[in-house]
Structures are given as C-alpha cells and as structure tokens.
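Work the whole structure out from these sequences, hints included.
If you want the building blocks of each chain, they are given just below.
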Amino acid sequence: MTKYVVKRLLLMIPTLVGVAVLVFFLMRVVPGDVVELRFAGESSFASKENLDKERARLGLDKPLWKQFVDWMGGIARLDFGVSMWTGAPIIEEIRLRFALSLQLAIMSTLIAVLLAIPLGVLAALKQDTWVDYAVRIFSIAGLATPSFWLGIVFILMLLIVFKWLPPMVYTPFWVNPVQNLAQLIWPALAVGYRYSAVAMRMTRSAMLEVLREDYIRTARAKGLWEKLILSRHALKNAMLPVLTVIALEFAFLMGGLVVTEQVFNLNGLGLLFVESVAHRDYTLTQALVLLVAAVFIFVNFLVELAYAWIDPRIKFR
Amino acid sequence: MGVLLSVQSLVTQFSTSSGIVRAVDGVSWDVDEGETVALVGESGCGKSVTALSIMRLVAQPAGRIVSGHVVFKGRDLLTLSEEEMRRVRGREIGMIFQEPMTSLNPVLTVGRQLTEGLEIHLAMRQTDARARAVELLGMVGFSDPARRLTQYPHQFSGGMRQRIVIAMALACNPPLVLADEPTTALDVTIQAQILELMKALSRRLGVAMLIITHNLGVVARYADRVNVMYAGRIVERASARELYRNPRHPYTLGLLRSVPRLDEPRRARLQPIEGQPPDLTRLPTGCSFRPRCAFRVEYCATEEPPLREVPDATHVSACWEAERVGSSNGGPRNGPPSPPALGSTSAQPGRSSRHGE
Chain A
1 MTKYVVKRLL LMIPTLVGVA VLVFFLMRVV PGDVVELRFA GESSFASKEN LDKERARLGL
61 DKPLWKQFVD WMGGIARLDF GVSMWTGAPI IEEIRLRFAL SLQLAIMSTL IAVLLAIPLG
121 VLAALKQDTW VDYAVRIFSI AGLATPSFWL GIVFILMLLI VFKWLPPMVY TPFWVNPVQN
181 LAQLIWPALA VGYRYSAVAM RMTRSAMLEV LREDYIRTAR AKGLWEKLIL SRHALKNAML
241 PVLTVIALEF AFLMGGLVVT EQVFNLNGLG LLFVESVAHR DYTLTQALVL LVAAVFIFVN
301 FLVELAYAWI DPRIKFR
Chain B
318 MGVLLSVQSL VTQFSTSSGI VRAVDGVSWD VDEGETVALV GESGCGKSVT ALSIMRLVAQ
378 PAGRIVSGHV VFKGRDLLTL SEEEMRRVRG REIGMIFQEP MTSLNPVLTV GRQLTEGLEI
438 HLAMRQTDAR ARAVELLGMV GFSDPARRLT QYPHQFSGGM RQRIVIAMAL ACNPPLVLAD
498 EPTTALDVTI QAQILELMKA LSRRLGVAML IITHNLGVVA RYADRVNVMY AGRIVERASA
558 RELYRNPRHP YTLGLLRSVP RLDEPRRARL QPIEGQPPDL TRLPTGCSFR PRCAFRVEYC
618 ATEEPPLREV PDATHVSACW EAERVGSSNG GPRNGPPSPP ALGSTSAQPG RSSRHGE
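Sequence order for the protein chains is A and B. When you line the first sequence up against our numbering, it's residues 1 to 317, in that order. When you line the second sequence up against our numbering, it's residues 318 to 674, in that order.
Treat the hints with caution; some may be incorrect.
Covered stretches of chain A (chain B as the covering partner; in silico rule of three or more C-beta atoms under 8 Å from a C-beta of chain B) [what the hints assert, rightly or not]:
#	region
1	147-157
2	206-215
Below, simulated SDA-like cross-link-like pairs (lysine to any residue); rule was C-alpha separation at most 20 Å, straight line [to be verified]:
#	chain 1	residue 1	chain 2	residue 2
3	A	Lys227	B	Arg403
4	A	Lys126	B	Thr426
5	A	Lys236	A	Lys48
6	A	Lys315	B	Arg403
7	A	Lys227	B	Gly455
8	A	Lys236	A	Leu125
9	A	Lys315	A	Arg8
10	A	Lys126	A	Leu208
11	B	Lys516	B	Gly455
12	A	Lys48	A	Leu37
13	A	Lys126	B	Ala376
14	A	Lys227	B	Arg408
15	A	Lys227	B	Val424
16	A	Lys315	B	Thr426
Source of the hints: derived by calculation from the structure; they are not laboratory data. Built from N, CA and C at the ideal position, the CB exists for glycine as well.
Okay, here's the thing in structure tokens:
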C-alpha cells in the first residue's frame, strides 16, 4: 500500500514534465510577447532598442532551450520565478488566489454531493414516478443554466428582495469565517447546483443498474430492511462511477470558473489564468498550468485510492 | 407429516411490449415438512418465477402475482404486509440462487453477508452472529471458517461461493429452502458435491426443500416428489421413483429420453423433444404441448386436459392420453417414435434460451 502510494506519487513527475514541455513551447508559438503588449499600451512610440532592452531584462533574448533549462532548473528548486507582467514572485501571485479557488471548489463539491446523492437515489427508487420526473427536471435545469447567470440572479435577488449585498471583498477564512462564508456561499451554490446535476444523473443511473443486480435480490431474499439494502448493499456499489465524475468536476473548478469569478468579484485562479495568457505572462501561465495539472493528477490519484477502498476487487500493484 | 407449503392456483404474469406473458398459469403443489420436492421443466417454463412468487420477489412493476394462494404454515403469504413478508424471507424461507458469481455482493465481506440476517431476524449480537457464521461455514465444508469470514466473494471459486449462499440460506434455521437451479452455473464435479451437501444438510436439519431444475438426473437422486412444469402449468406429478418408472405425460417421457444414461450402450442416440416451447404471450387453445406431442389426438386442440389421477392420487398427469402414454412405455427409451420435426431446430430440454429466465 505505502509502496503503491509512493510509486504513484513519483509517477506524477514525468507527467508534469510532459505538461511543462507542452505549455512552454505552446506559449512561445502564440504571437506577441509580454514586452510588446506592455509597451503597446503607452501612447509614446517604443523604440526597438527599448523593447530589446526589456526583453533582455526578462531573459527573453536567450535561446529557447536555454530559457527552458533555466525555467526547469528553477522548478526543481521550487522557484517559479517572478511574473513577467507585475514583477511580483509567482508564489505570491498564486497563493491567495489558490486558497480562494480551493475553498470555493470544496464548498461547491460539498453542496453538489449533498444535493446529488440523496436526489439521485430518490429518483432511482421512484423511477418513472412524478418524484423521478421532478428530480430529473431539476437536474436538467441545472445543466442548462450557466452558473454565472445563476450567480447574477442570486445577487439581484439578495439585493432587491433582502436589500442586502454579500461582501464583495475577499476575507480569508482564518481571518473572519462569517465574512468569508457570507461571500463564498453564493458562488458555491451557483456552481454547486450545476455540478450536482451531472453527479445526480450519474447517481441515478448507477443506482438503477445496481438495484437490478442479483446480489440485491439475494439481500431482499434474506429479509433485510429496505433501508439497509440501500445503504449497505446498493449505495456502495453505485458510488464508484459517481466518484469519478465528482473528482473530474472538482479538478475543473480549480481554474475553470472564469466568468463566475467575475460576477462575484472573486480574485480566483480562473481570472488570473485568463489575464496571464492575455498578457503573454509566460512564467505565470506556465506555473498556473502546472498547478492545475498537478491538482488533476492528484485528485485522480485520490479517486483511485478511494476506489480500492470501496471495491476490494481492485488491488494496489 | 403435515403440509408446510401449499401453492394453490398461483398465477403470475408479466406485462411486456409484446403482450402479457403468462409465466405461471394456475399451478398448485405442496411441500410437506422435511420433504424435498422438485420442480422440473425447460428454461422459460415458469419454474423460477414460481419460486420468486412464493418469496414475493417478482420484479416490479412488470411482474404481478394475479391470483392464487401461497399458504405457508397456515398463513397466506400473498396477503401479508410488506413488513410481515420481510420477516418471512430468510427467517422462515431461505433461498439459494442460480448464479453464485453474481448473487453475492462484491464489496462486502462474506462474514458481513452471513451475519446480517442473523442480526436482523434473531436479534443476535455481533459476536454471537460471528460465532454462528463460523459454525455455518464449517457446516458447508470450509476448513478454516474464521479466516474465510474476513474475505470477499471474489476470493472464492464458484462452488465455494455456492456453499456460502447455502450457508446464508440456512443461517436462521428456516423450515423451508427454495433452491433455484442451485447447480446450473457450476461444473459437473462441483454440481455433485453441492447437491450431496444440500441433501445431507436437509436431512440433518430437517429442512424441507424445493429444488428447481431442468436436470432430471438431479431429480432422480435428490427429490422425494416431482412436479413437471410446461408452459406455466404443472403437467405431471408423482414420486421420483414412480415418475421414472412410469411417466404418464408425453413431455415427461420426452425429457427422460433426452437424458444420457450410463446403463445404455454408448451408441444409443439421445432423442430430443422436437420443436420449441410455446410463446407464453399466445398460448394455443387446448393442450399447450400438443404441437410437439407424438400422442396427440383431435380433441387435444380444443379441450385443455386437466390434471387427473393415473392411476391414483399420488400420480397425476394432464394428458388425455395418459393411459396410452403409460402402456406404450416399456421403459423410457422404448416408447413410440418421435414425431416428425415441426420446427427446423430441435430443442434440448433446458437448453432453449428463447424466453430466458
């Protein structure tokens, strides 16, 4: 078990190196660079001389392979360098935003799971009755509603009906939990609803499949309570595919919430991502892509562990 | 010995897109206390549905028990509330299923699956239930039951899993066990072991058993009485010995002829029953075996034969020509020749998957 975990964690390294190579060269293919974009904003004409001087300062005049080796060397020492746009250390740029995005992702996942699993199970049990249809319509609506739009509706509703506006400035949880939750609960609800729709559909179909299994009939023939058959015999088997969906969705939330962040004035990873690409801020973009890739890989790794924990037929090798 | 279970005029139907399937069409039979009764017939003749109807586990909402009575220890199970029925399942009637590879839950330990019934029906504490589970696994032939309890189903072979299923069915000491094709999914050597085990245990514990099978070899060795089922109905009933010596229904005769026997020359050809079992959504009028029958006479097409005594109450047959079937039969292999093929394919009993199970 320990050996398996260590092995899997070590295997993350080659994957991340691959991601690093890809993002490094892809960014260089995009036309324009950070220097041009910075000077383009100013009204005065920037001479070629000045541009070259700036490029030299940022190390962009070196040959590509040299830039790549320097960058990788930095990463190996956990030094991601400074942002080419702001000049601030990348770690500083990312730290707070990562905390915010992580918290939002966790809250959304909790809301999604709390909605999806009970509703999905209920819909499966009451298949083809009005309960099932109601739940399915609720979930279809969730899939069809963009979360940023739902977010706008939330804000307007709070403002018009309750004459109250959620805090628009981020307060870290450890500074003031109430303030923090009062701000983040709304985007979490908006995102979590959409997210729950996917997980709910998966729960429903997995549950329907499991309920037809022979071992459920065996459990019934043993005279177990229906509730026990559900919780002990059916749910555990039905959770495997749901877990995968939840994990993928979770990883997506770590950087994919660009518009929702705008709506709620949240300074999260999504916005930073878009800006860094728009600025051709190579160092920052590269660091962000690596971070999101690492989150994806790590969450998938956790899912695998959970799989093996739930299903004894899966062995660590 | 008294009657333990009495199935009376049971009718179970399924509504499908192609019409109503009359899976069980008015069958009646008994099981006495401690007795082993067999229910024999081809796939799709309604054997399994009969067992599921007794347990009231027919798949809802397509399947429905339309009428009849299932009287167990003087109570009609079909009139019980769902909660009362739950207390009967596992506690009063145990069930063994056909497919040991899928009838155990893959994510729960064998111990968990054995003890849960004990904890619920007998209100045993965990430690007591565990001790009983060890005893049960020992009883069905495991040499190291305590260690086995912590293992999962995938760590056992098919035969071993079926032993576990048997242990589960016997856990609460029920007076009756329904075994639905308990050995069909196992290979032949294991089949014999499992059947011997079931026979020994039912003797030792005084459990009555209903064995559902398409294998007449199984019936001969292990059943006291036999009900032969065809197209949702009982067509013949007799003691196992009597049925073999003196079959009085052409279908039974056909089944017996299609079983290989060790006491015959190896070159003797098996005689399959020609044709296919009828479509249960559109049963013909009259006798439903008529299209495949060598003994058919004109009025078989219009008059449905009732179960009648040939020659006495211990042997009944639903055939107008039961006497002729009996007299023509100097041993199951020397009867009248098979009728000309009606369908292009020959159906071996128990091998037709037309209706599935």
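Pair hint outcome, A:Lys227 versus B:Gly455 [Cα-Cα no greater than 20 Å]: This hinted pair is violated, its Cα atoms lying about 31 Å apart.
Distance restraint between A:Lys315 and A:Arg8, which requires alpha-carbon spacing of 20 Å or less: Roughly 14 Å separates the two Cα atoms, so the pair holds.
Holds or violated: A:Lys236 to A:Leu125, with C-alpha atoms at most 20 Å apart: Holds: A:Lys236 and A:Leu125 sit about 15 Å apart, inside 20 Å.
Straight-line alpha-carbon gap A:Lys227 to B:Arg403, limit 20 Å: 12 Å, holds
Pair hint A:Lys48 and A:Leu37, alpha-carbon separation not exceeding 20 Å: Holds, because 13 Å separates the two Cα atoms, which is no more than 20 Å.
Coverage claim, chain B over the region 206-215 of chain A, checked by counting residues with Cβ within 8 Å (three needed): holds (count 3)
Straight-line alpha-carbon gap B:Lys516 to B:Gly455, limit 20 Å: 16 Å, holds
20 Å Cα cutoff - pair A:Lys227, B:Arg408: 18 Å, holds
Proposed proximity, A:Lys48 with A:Lys236 (alpha carbon, max 20 Å): 65 Å, violated
Proposed proximity, B:Val424 with A:Lys227 (alpha carbon, max 20 Å): 17 Å, holds
Per-stretch coverage check for the region 147-157 of chain A, three Cβ contacts closer than 8 Å to chain B: Check failed, 0 qualifying residues.
Restraint status (C-alpha distance of A:Lys315 to B:Thr426 at most 20 Å): Measuring from Cα to Cα gives roughly 15 Å; hence the hint holds.
Hint violations for this structure: numbers 1, 4, 5, 6 and 7, all remaining hints satisfied.
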